[in-house]
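**Q** Protein sequence lines correspond, in order, to chains V and B. Take the first sequence: its letters are residues 93 to 355, numbered as in the working numbering. Take the second sequence: its letters are residues 93 to 355, numbered as in the working numbering.
In case anyone wonders, no lab produced these hints; they're calculated from the structure. Idealized CB from N, CA, C, for every residue including glycine. It cannot be assumed that every hint is accurate.
Said to hold, decoys possible - Stretch-level coverage of chain B by chain V, calculated; a stretch enters the list once three of its residues show a Cβ under 8 angstroms from a Cβ in chain V: (1) 126 to 132; (2) 323 to 336.
What the hints assert, rightly or not - Which stretches of chain V does chain B cover? Using the computed rule of at least three CB atoms under 8 angstroms from a CB of chain B, they are: (3) 130 to 139; (4) 144 to 150; (5) 171 to 177; (6) 210 to 223; (7) 337 to 346.
Number of protein chains: 2
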Amino acid sequence: MVSISPEITSVRTMSLLLIGAELLRGKITDANGPLVIEEARSAGVALREITMIDDDLLGIATSVRRMAADVDLLVTSGGVGPTHDDLTLPAVAQAFDEDLYEHPDLRDRISAYYASRPEQLSVWLRMARVPVSTRLVMDEGMLWPVYQVRNVYVLPGVPEIFRRQFVAASNRFHRSASDMQTLYVTLSEGEIAEHLEAVLASYPSVEIGSYPVFGRNTSFRTRITLEDADPPTLERALAALTTRLPPASIVRVTRGKAPLVEW
Amino acid sequence: MVSISPEITSVRTMSLLLIGAELLRGKITDANGPLVIEEARSAGVALREITMIDDDLLGIATSVRRMAADVDLLVTSGGVGPTHDDLTLPAVAQAFDEDLYEHPDLRDRISAYYASRPEQLSVWLRMARVPVSTRLVMDEGMLWPVYQVRNVYVLPGVPEIFRRQFVAASNRFHRSASDMQTLYVTLSEGEIAEHLEAVLASYPSVEIGSYPVFGRNTSFRTRITLEDADPPTLERALAALTTRLPPASIVRVTRGKAPLVEW
Chain V
93 MVSISPEITS VRTMSLLLIG AELLRGKITD ANGPLVIEEA RSAGVALREI
143 TMIDDDLLGI ATSVRRMAAD VDLLVTSGGV GPTHDDLTLP AVAQAFDEDL
193 YEHPDLRDRI SAYYASRPEQ LSVWLRMARV PVSTRLVMDE GMLWPVYQVR
243 NVYVLPGVPE IFRRQFVAAS NRFHRSASDM QTLYVTLSEG EIAEHLEAVL
293 ASYPSVEIGS YPVFGRNTSF RTRITLEDAD PPTLERALAA LTTRLPPASI
343 VRVTRGKAPL VEW
Chain B
93 MVSISPEITS VRTMSLLLIG AELLRGKITD ANGPLVIEEA RSAGVALREI
143 TMIDDDLLGI ATSVRRMAAD VDLLVTSGGV GPTHDDLTLP AVAQAFDEDL
193 YEHPDLRDRI SAYYASRPEQ LSVWLRMARV PVSTRLVMDE GMLWPVYQVR
243 NVYVLPGVPE IFRRQFVAAS NRFHRSASDM QTLYVTLSEG EIAEHLEAVL
293 ASYPSVEIGS YPVFGRNTSF RTRITLEDAD PPTLERALAA LTTRLPPASI
343 VRVTRGKAPL VEW
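Same shape as in the complex, but just chain V (with noise of 0.2 angstroms):
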């Protein structure tokens, strides 16, 4: 016997796993990825992994059981609708060691859309067949209940259904982000390696990443952000580094989230 999911009210940490073999083959240029990166990190909740993979049934299982052991939340991209290769349900089911079952909500959901075409009813039933444990997550903006199966959200992969439900689902579980400055310095990471060392040595908790730059004519060789969730331990160590770095070296000093940007 098994029960419904309980419901997911607190997330600090959450994985992604993007299913099809169009994205792997160049078909189509996945844009999942960036969006959850992005709301990721405006909700405040740290994004363990994504991974990207074929749609193989086996291959599914094997990654959405080792992937939802790791964290809070796992959300699926992909590989649910009507077609031969939508494999995503079976295969959080087998994961799970669950047995399918039409779930009745939907089955009477798909039943009332499609009264008028009963040729297709068959073809779109089989969104209707999901693991034992399945909660229906349905929310203001969402077009179609999420599949919650313990602790996995299982979501469509085309980008604009994606975007929807992906944010009307983590609505739920917003955080506050941490903070972030950052230098844009003329030394290479080699003269800068033992000053962000000793920054770290001080203030531990603090996030510290060096991102240079090569063959391109910018005014800096390197990008040096550090993040905390805490303004004045992150003001203190962003002071302990350019304390130690020759002044004529600082190109500038950026506050706040940083767009994103291609290295």
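Assemble the complex: chain V is given as a structure, and chain B must be docked to it using the hints.
**A** Relative to chain V, chain B alone:
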């Protein structure tokens, strides 16, 4: 005793591991995944998985071990450099239970390059510490050797460098790609599902995908792709499908590789 990894000459399956908190936190938009997708496609190599993870020693080691076991070649991107978050080489060593050592060729190259800046030498020499089975792959067009550890190519994440290194390294195993046909139809996925399945039943080698468009003003509702390595088989499958569909429902058919498009 571990011997040097044998040269990789034939690659039919490949996966990509993208390493870096900056990608998952949205500080940088990944550019290396799309490049590998495009290159794998034109090389006729089956791309099995792309996974993006944090800079975490154990996490990288676990992913490398898991992913390398499934394919002919695993490519890693990122975490190779002189800073505190550059953990890929130690993680690959851990994945294969190997020790690290200072590679004499790399030590000599780095020492020569930084002869005039000895204060930076110790930092950059981190890039000479490699797993003991490491083979250095060096070809025209490469800026620095690619580290090959068993069936893993370890590449830096900076896109300009990754691109040069990956393209040079992958020239070694190019194969011919499969042919593709794309149909644009006015029908929904529900209306075409049975036809796709019938064609698939007759032509099991053909890879068929269907991609509906929603919420946009297009002349078609669904894009269908057919792919096969054998052109005559592809033509027969295409004819079988177009015969089954109402002629007026076919907006257009395009032959050859479709360009990378947003859905």
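**Q** Take the hints in turn and mark each one as holding or not.
**A** Cross-check of the supplied hints:
1. 126 to 132: Satisfied; 4 residues make the cut.
2. 323 to 336: violated (count 0)
3. 130 to 139: holds (count 4)
4. 144 to 150: holds (count 3)
5. 171 to 177: holds (count 5)
6. 210 to 223: holds (count 3)
7. 337 to 346: Coverage by chain B is violated for the region 337 to 346 of chain V (0 residues, Cβ < 8 angstroms).
In this structure, the earlier hints numbered 2 and 7 are contradicted, and the remaining ones agree with it.
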